[in-house]
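Using my numbering, read the sequence shown as starting at 1 and increasing by one per residue.
Hint data in this document are derived by calculation from the structure and do not stem from the laboratory.
Treat the hints loosely; a few may be bogus.
[Unchecked claim] Using 30 Å as the maximum straight-line C-alpha spacing, the simulated DSSO-like pairs for lysine-lysine come out as follows:
(1) 11 - 158
(2) 12 - 158
(3) 12 - 228
(4) 228 - 40
(5) 158 - 40
(6) 228 - 11
(7) 230 - 12
[What the hints assert, rightly or not] Here are the computed distance ranges between Cβ atoms for each label pair:
(8) 227 - 148: 32 to 38 Å
(9) 225 - 154: 20 to 26 Å
(10) 213 - 85: 27 to 33 Å
(11) 31 - 186: 35 to 41 Å
(12) 107 - 188: 27 to 33 Å
(13) 26 - 50: 17 to 23 Å
(14) 217 - 31: 19 to 25 Å
(15) 80 - 102: 19 to 25 Å
(16) 50 - 85: 37 to 43 Å
(17) 190 - 95: 45 to 51 Å
(18) 148 - 87: 18 to 24 Å
(19) 195 - 227: 47 to 53 Å
(20) 190 - 94: 41 to 47 Å
Treat the numbers as computed from the prediction; the structure is a model and nothing was measured.
We put the CB at the ideal spot given by N, CA and C, even for glycine.
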Amino acid sequence: MLVSSEEEAIKKITIFYCALTSVSSTCLPWILLRSETHFKLGSRNIIPLFLVLSFLEIIKWCYQTIIFNNAYNFIFKKQSTFILLLNSINFSSIIQSVIVLAFSCAAFYIVSVLFGAEVFNHKEETLMFSLLLTNLTILPISVQFGSVHVANFIQRVKPNNEFDSLVFNNAYGTLLGAWFGAFVIPLDWDRPWQVWPIPCSLGALLGYSISNTLQLLQFILIYLRVYKEKFV
Numbered sequence: 001m002l003v004s005s006e007e008e009a010i011k012k013i014t015i016f017y018c019a020l021t022s023v024s025s026t027c028l029p030w031i032l033l034r035s036e037t038h039f040k041l042g043s044r045n046i047i048p049l050f051l052v053l054s055f056l057e058i059i060k061w062c063y064q065t066i067i068f069n070n071a072y073n074f075i076f077k078k079q080s081t082f083i084l085l086l087n088s089i090n091f092s093s094i095i096q097s098v099i100v101l102a103f104s105c106a107a108f109y110i111v112s113v114l115f116g117a118e119v120f121n122h123k124e125e126t127l128m129f130s131l132l133l134t135n136l137t138i139l140p141i142s143v144q145f146g147s148v149h150v151a152n153f154i155q156r157v158k159p160n161n162e163f164d165s166l167v168f169n170n171a172y173g174t175l176l177g178a179w180f181g182a183f184v185i186p187l188d189w190d191r192p193w194q195v196w197p198i199p200c201s202l203g204a205l206l207g208y209s210i211s212n213t214l215q216l217l218q219f220i221l222i223y224l225r226v227y228k229e230k231f232v
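When you get a sec, could you build the whole thing from the sequences and use the hints?
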């Protein structure tokens with residue numbers, strides 16, 4: 001009974017996370033491009049984007065906490081949603097996550113420099129790019145699983161379930177998209193969007209979106225097949 005409830009909870013959480021991420025990760029790049037805000041991806045004017053991404057992760061965490069509580073409510077006393085979320089906050093884990101996020105941002109900054117970003121020029125641009133990567137990769141892992149799981153992501157440890165796999169693959173897709181975005185920077189097209197770090201930032205956002213959308217389609221196909229086997 002406990003295993004069945006946990007598996008069902010993980011399925012619900014995965015679908016919700018994937019669906020919400022698909023909507024947000026599709027809308028955000030479109031809004032950036034339509035409003036021409038993507039030209040500011042290397043400036044501090046893009047900080048509101050980081051706040052939106054953080055807020056969305058908190059919403060997903062709230063849903064995850066509520067679903068798991070409902071799955072185990074036959075063991076633990078059922079609480080009001082507000083009290084449940086309040087009691088689920090671990091300030092020690094939050095401090096650890098903040099430290100991990102800071103180190104991750106610094107690591108992305110160093111890696112960007114090693115891959116060709118200028119050391120002394122464009123410091124703000126490189127910092128904003130590092131913050132974006134941190135928000136799309138390390139932040140979701142820290143919020144959903146705790147900062148200790150960041151090591152699993154770095155070491156490419158096999159995910160425990162489909163939810164772990166979803167969050168980890170989104171992070172890998174982000175890094176792959178950022179890497180592909182770098183290919184257009186040296187091309188002699190003289191376009192304003194070729195300026196560092198715009199192509200890499202857009203590539204990261206698109207990689208994140210594409211990875212999540214592909215996994216959502218995969219989940220839909222799996223559940224349609226299961227539904228067909230059961231009821232058709």
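For each hint, the structure was consulted:
no.	hint	result
1	11 - 158	18 Å, holds
2	12 - 158	21 Å, holds
3	12 - 228	19 Å, holds
4	228 - 40	48 Å, violated
5	158 - 40	37 Å, violated
6	228 - 11	18 Å, holds
7	230 - 12	19 Å, holds
8	227 - 148: 32 to 38 Å	36 Å, holds
9	225 - 154: 20 to 26 Å	34 Å, violated
10	213 - 85: 27 to 33 Å	29 Å, holds
11	31 - 186: 35 to 41 Å	28 Å, violated
12	107 - 188: 27 to 33 Å	32 Å, holds
13	26 - 50: 17 to 23 Å	18 Å, holds
14	217 - 31: 19 to 25 Å	23 Å, holds
15	80 - 102: 19 to 25 Å	34 Å, violated
16	50 - 85: 37 to 43 Å	22 Å, violated
17	190 - 95: 45 to 51 Å	47 Å, holds
18	148 - 87: 18 to 24 Å	20 Å, holds
19	195 - 227: 47 to 53 Å	48 Å, holds
20	190 - 94: 41 to 47 Å	46 Å, holds
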